[in-house]
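2 protein chains.
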Amino acid sequence: MWRYIQQTMSSTIHSTDEEHQTKEMDIRSLSSSRRHPQNAPHIHKVGVPPKQNLFKEFKATVKETLFADDPLRPFKDQPGSKKFVMGMQTLFPILEWGRSYNFTKLRGDIIAGLTIASLCIPQDIGYAKLANLDPQYGLYSSFVPPLIYAFMGSSRDIAIGPVAVVSLLLGTLLQNEVDYKADAEAYRRLAFTATFFAGITQATLGFFRLGFLIDFLSHAAVVGFMGGAAITIALQQLKGLFGIQNFTKKTDIVSVLHSVFGAAHHGGKKNKKFFWVPAIAPLISVVLSTFFVFITRADKHGVQIVRHIEKGINPSSVKEIYFSGQFLLKGFRIGVVAGMIALTEAVAIGRTFASMKDYQLDGNKEMVALGTMNVVGSMTSCYVATGSFSRSAVNYMAGCQTAVSNIVMSFIVFLTLQFITPLFKYTPNAILAAIIISAVLGLIDFEAAILIWKIDKFDFIACMGAFFGVVFSSVEIGLLIAVSISFAKILLQVTRPRTAILGKLPGTTVYRNIQQYPGATKVQGVLIVRVDSAIYFSNSNYIKERILRWLMDEEEQLKSSFQPKIQFLIVEMSPVTDIDTSGIHALEELHKSLHKRDVQLILANPGPVVIDKLHASHFATTIGEDKIFLTVADAVSACSPKLVTEV
Amino acid sequence: MWRYIQQTMSSTIHSTDEEHQTKEMDIRSLSSSRRHPQNAPHIHKVGVPPKQNLFKEFKATVKETLFADDPLRPFKDQPGSKKFVMGMQTLFPILEWGRSYNFTKLRGDIIAGLTIASLCIPQDIGYAKLANLDPQYGLYSSFVPPLIYAFMGSSRDIAIGPVAVVSLLLGTLLQNEVDYKADAEAYRRLAFTATFFAGITQATLGFFRLGFLIDFLSHAAVVGFMGGAAITIALQQLKGLFGIQNFTKKTDIVSVLHSVFGAAHHGGKKNKKFFWVPAIAPLISVVLSTFFVFITRADKHGVQIVRHIEKGINPSSVKEIYFSGQFLLKGFRIGVVAGMIALTEAVAIGRTFASMKDYQLDGNKEMVALGTMNVVGSMTSCYVATGSFSRSAVNYMAGCQTAVSNIVMSFIVFLTLQFITPLFKYTPNAILAAIIISAVLGLIDFEAAILIWKIDKFDFIACMGAFFGVVFSSVEIGLLIAVSISFAKILLQVTRPRTAILGKLPGTTVYRNIQQYPGATKVQGVLIVRVDSAIYFSNSNYIKERILRWLMDEEEQLKSSFQPKIQFLIVEMSPVTDIDTSGIHALEELHKSLHKRDVQLILANPGPVVIDKLHASHFATTIGEDKIFLTVADAVSACSPKLVTEV
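If you're matching them up, the sequences are chains A and B in order.
So the mapping is simple: this note's numbering equals the position in the first sequence, first residue as 1, plus 14.
So the mapping is simple: this note's numbering equals the position in the second sequence, first residue as 1, plus 14.
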């Protein structure tokens with residue numbers, strides 16, 4: 015049955031008479047091949063990498079998957095005591111950067127810390143309401159977590175505290191389980207339980223170096239989700255904003271104030287020197303409006319106010335966490351979701367600023383820091399804290415140097431809790447609503463959405479899916495849509511990889527996609543297909559059928575124009591980084607199908623892993639070792655003389 | 015802040031003095047570059063494909079995802095009546111191949127049909143017991159479904175009927191919901207409901223051309239799952255086999271018979287002429303043992319027999335399907351799982367034989383056929399039928415020509431049901447157990463497992479995971495493990511793509527992975543990295559950091575050997591088939607980081623989609639259009655003169 019055509023094809027084909035070869039080529043490639051006699055004396059064979067021991071191979075894979083950033087590298091060749099010091103420094107980066115801390119840095123950090131504190135106090139009170147918690151819990155969460163983070167975190171610019179989206183998410187998820195109006199205590203306890211497990215989730219992901227899991231939420235989906243959450247929050251707050259309606263005279267002040275710091279916000283964006291204008295505007299408007307309400311007693315005329323806010327720092331909440339009962343599982347589930355979202359936000363912020371200031375950020379270490387801070391937070395009456403977009407940006411613009419700005423902020427919050435909280439009693443809810451609206455509108459990133467539309471339509475669908483999911487349904491649905499679309503994209507990528515027909519660029523020995531380079535010419539009697547992906551079970555069958563379909567299309571065309579038929583099918587395998595058993599099966603089936611059509615299968619440039627597996631499976635012997643070439647050009651020049659004698 | 019180094023680099027760099035360039039190269043490459051003056055007169059730029067209209071692009075993606083096999087192709091340019099005929103032929107392929115049917119084919123089909131009928135009758139009775147159903151339901155399922163399939167299916171070799179693994183799976187899943195001993199009627203009704211939804215699932219997947227979803231169960235996982243299921247079934251049946259223990263005299267006969275057809279099975283595998291020996295051995299042993307039990311009345315001495323088997327063909331079961339109530343959802347869930355597994359088996363068989371006989375098989379059309387046959391089956395007292403490994407192999411070896419062999423088999427089963435079923439009353443359960451064991455042992459594919467071990471260790475883990483999951487836990491757990499590991503592999507593939515450092519093969523202008531080709535030499539002052547995957551959100555951050563890590567490793571090495579530092583980083587993008595917004599972000603961040611280190615980013619050979627997006631995002635302008643080259647060789651020769659003047 016087998017014709018063993020292979021034997022008729024000399025393995026020393028490279029030295030065949032060049033005249034034969036050139037007959038097949040058009041004038042330009044003829045001249046080029048005459049000018050480049052290097053086609054003849056090739057000495058390179060496809061390299062087979064030295065066989066690796068199984069354990070080594072496995073170790074390398076695990077290392078590249080989980081320890082891609084090589085965290086233990088500086089520990090190499092160090093004495094024991096030094097290793098301990100370095101270990102402590104790894105866990106508490108403050109020990110490292112603290113040694114080079116100086117007055118100049120302190121000045122920057124104090125200014126930045128004061129600025130973000132003035133921004134965070136009104137935001138915290140508002141965000142606590144989004145999470146259906148009493149206002150002081152927002153302030154608590156801006157006291158303990160930033161302190162912990164300052165010692166353990168490695169980002170220099172992130173500002174830690176409660177954030178709008180996580181507060182909203184937590185509020186929605188918790189409310190599904192317990193009604194905060196009916197049983198405020200159970201609700202609060204569940205909130206601490208969720209916070210505890212959010213922290214555990216974050217620290218665990220970091221400790222087991224599974225931080226890459228958050229990469230599965232695509233940038234586009236996050237943009238859509240954040241935008242949707244921002245709109246939802248803003249619409250919710252409009253209610254609070256119009257809670258002032260009876261108090262007609264004051265409406266103008268609010269709208270004026272709002273437009274003032276709306277404009278200032280933009281001003282600050284444009285001119286770095288005025289960063290403090292949008293940053294302190296909220297606090298100033300809170301102080302002014304609170305004072306105004308206090309002296310006019312507007313609350314008696316229908317203006318809704320904060321009414322009550324507990325004085326004093328965080329009480330312990332260790333005993334409030336549910337470590338048993340039905341709420342344990344519910345808290346766990348909510349905590350995992352909220353923890354992941356909080357992580358996504360913090361890591362995105364951390365990475366952005368790290369790349370702006372060009373320092374390295376260890377994602378996994380960050381997660382351990384964020385997780386620890388939330389676990390400690392859950393025991394000190396805090397709810398989930400993370401990096402805030404708006405405050406981190408202000409922190410950066412205010413010239414923060416290190417995480418000390420978080421300590422400064424934390425200290426200010428401490429003073430606030432200790433001494434001035436009761437004064438917030440008269441703060442009108444409307445002003446808090448305005449502050450929240452102003453903060454969350456910054457999360458709507460039109461420019462990013464437009465860029466996504468321009469670059470990748472599929473990403474845009476993910477973005478819009480998440481956006482409309484949040485706006486028209488709920489945060490969970492929006493999140494689910496975002497994750498699903500992200501996964502669908504990954505699955506599409508692995509099931510339907512691209513393939514391309516290659517042609518020769520005139521005057522070179524370079525073969526390129528003929529769709530991209532319309533000048534590239536096909537070689538007569540040879541079809542060159544490039545497969546642009548690892549060949550795995552998820553796509554092996556598709557790739558096989560796609561290649562056969564390319565061949566049939568080509569043959570149909572050739573038939574209609576009475577040209578000689580295809581005799582060689584060259585598969586360019588440069589992009590094929592790996593192949594599994596299903597892939598080998600597919601190649602075997604392809605080889606059989608081609609054989610029945612009298613077409614020879616030739617492989618060009620398989621990578622180290624692939625060539626190894628081609629040998630392990632004996633497929634290399636099945637098609638013949640001499641059918642595997644270093645480059646497409648080599649493969650073509652090996653086919654060409656054969657073509658001449660056969661046609 | 016920006017130094018605009020780009021401007022110092024001429025865009026007409028290709029024509030720079032070659033002497034500069036050669037100074038940088040070692041002797042061999044020097045001579046080679048002298049011999050190949052083609053380095054100089056390059057005229058090719060990186061091609062930007064013509065801008066496609068959005069709708070067209072979207073259409074192309076959908077087509078390639080769902081209609082990869084171009085099913086409507088033959089319909090093009092045909093008149094209306096012809097289109098109708100072709101449509102009917104597409105739905106019922108028998109209309110097409112039936113026209114060229116002849117006596118020679120019929121002879122082959124009759125022989126094959128009789129052979130598989132003799133194999134299927136005892137198997138069906140045994141498999142029905144695996145599904146906890148009365149024996150006649152096995153026979154029913156070998157009567158109606160094969161008939162439907164013969165009209166609608168496009169595989170010529172598959173033999174349709176109940177199969178061991180699906181029977182076991184169905185038995186386990188149904189038993190979890192209803193105890194068949196306590197409420198046989200509810201159990202049976204749930205079985206029909208599950209069968210109905212299995213059919214609906216299959217037909218729906220096929221109709222919406224989502225057949226590729228079953229590709230997510232990897233070959234390795236299927237091998238492990240099948241092996242595990244076979245062991246489980248065999249162990250279960252050993253109980254039935256030893257149910258004969260009181261009847262000591264007969265034990266020998268059974269073991270003799272068993273070893274006979276065990277040996278014959280192997281004989282048949284080795285010599286195609288004796289295919290019928292293993293095929294009819296089961297029926298003969300059933301007939302002999304039944305006769306033996308009947309005349310000795312061994313059932314009165316402790317030999318367990320079938321006892322009762324209904325006479326007559328399939329009664330209607332339309333009214334037995336649960337279309338409402340709590341069982342509807344349960345039946346649906348079980349049906350989806352059983353339907354998917356049945357599909358995997360049938361499609362794998364169909365593809366194997368199609369590739370052996372080299373005919374095309376439309377997976378989606380097959381699914382519609384299998385689905386329809388199960389929906390009709392569920393209404394005629396059948397449970398889930400699919401392609402059987404053992405019978406399809408026998409069918410093939412017996413020389414079947416078309417699906418007519420299924421019609422022949424169906425007819426024999428009809429005669430059996432109508433006339434001889436009562437005779438099976440005395441068939442000893444032990445012989446059925448032996449037949450099942452013999453059939454399922456063929457599902458354990460040691461060779462495949464060994465090959466998987468050799469080729470891909472990760473696949474082997476998936477294989478063993480599924481195997482041990484089924485053996486030590488349950489079919490569901492095994493299946494879950496198989497699917498999870500398959501997915502984990504896909505996710506690993508997309509989060510941790512490979513990258514490689516390239517070097518120049520001496521005497522050529524070819525750049526290859528220096529790990530695979532130890533002879534390849536690095537170019538001084540230039541680091542060439544190849545990224546082996548599309549750059550998506552799932553890996554963009556990893557790729558960026560990996561490239562920076564390559565650079566740092568390299569710089570460390572160079573520093574310790576006092577060599578000049580890296581000035582150019584060339585990213586070879588040939589394998590990068592696509593990039594999304596996250597990928598563009600990562601490139602931008604890479605560019606910034608490199609800029610801070612005084613290293614220039616250069617791209618080589620971006621594909622059509624990538625170059626398009628580089629332009630859409632203006633990243634091409636950011637790094638400078640003249641930093642994008644057709645080949646690595648071009649990029650290197652553009653860097654080299656620059657290096658000389660700077661060092």
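The set of hints was computed from the structure by calculation and includes no laboratory data.
It is possible that part of the hints are untrue.
Here are the computed lysine-lysine pairs in the BS3-like style, where the Cα-Cα straight-line distance is at most 30 Å [said to hold, decoys possible]:
1) K579/B x K90/A
2) K371/A x K70/B
3) K471/B x K439/B
4) K439/A x K333/A
5) K606/A x K468/B
Partial list, derived from the structure: chain B residues whose beta carbon lies under 10 Å from chain A [unchecked claim]:
6) Y194
7) K195
8) A234
9) A235
10) V237
11) F306
12) R365
13) R510
14) V543
15) S554
16) I625
Stretch-level coverage of chain A by chain B, calculated; a stretch enters the list once three of its residues show a Cβ under 8 Å from a Cβ in chain B [to be verified]:
17) 461-471
18) 501-511
19) 579-591
20) 602-612
For glycine and all other residues, C-beta sits at the position ideal for the given N, C-alpha and C.
A quick look at each hint next to the structure:
1. K579/B x K90/A: 24 Å, holds
2. K371/A x K70/B: Cα-Cα ~42 Å, so violated.
3. K471/B x K439/B: Violated: K471/B and K439/B sit about 49 Å apart, past 30 Å.
4. K439/A x K333/A: 28 Å, holds
5. K606/A x K468/B: Distance of about 22 Å is within 30 Å: holds.
6. Y194: 33 Å, violated
7. K195: 34 Å, violated
8. A234: 6 Å, holds
9. A235: 8 Å, holds
10. V237: 8 Å, holds
11. F306: 45 Å, violated
12. R365: 7 Å, holds
13. R510: Given a least distance of 5 Å, the restraint on R510/B holds.
14. V543: 14 Å, violated
15. S554: At about 8 Å, which falls below the 10 Å cut-off, the nearest Cβ of chain A leaves the hint on S554/B intact, so it holds.
16. I625: Interface hint status for I625/B: holds (8 Å vs cutoff 10 Å).
17. 461-471: holds (count 7)
18. 501-511: holds (count 9)
19. 579-591: Held - the stretch 579-591 of chain A has 3 residues with a Cβ nearer than 8 Å to chain B, which meets the minimum of three.
20. 602-612: holds (count 4)
Going down the numbered hints, you'll see the structure goes against 2, 3, 6, 7, 11 and 14, while the others check out.
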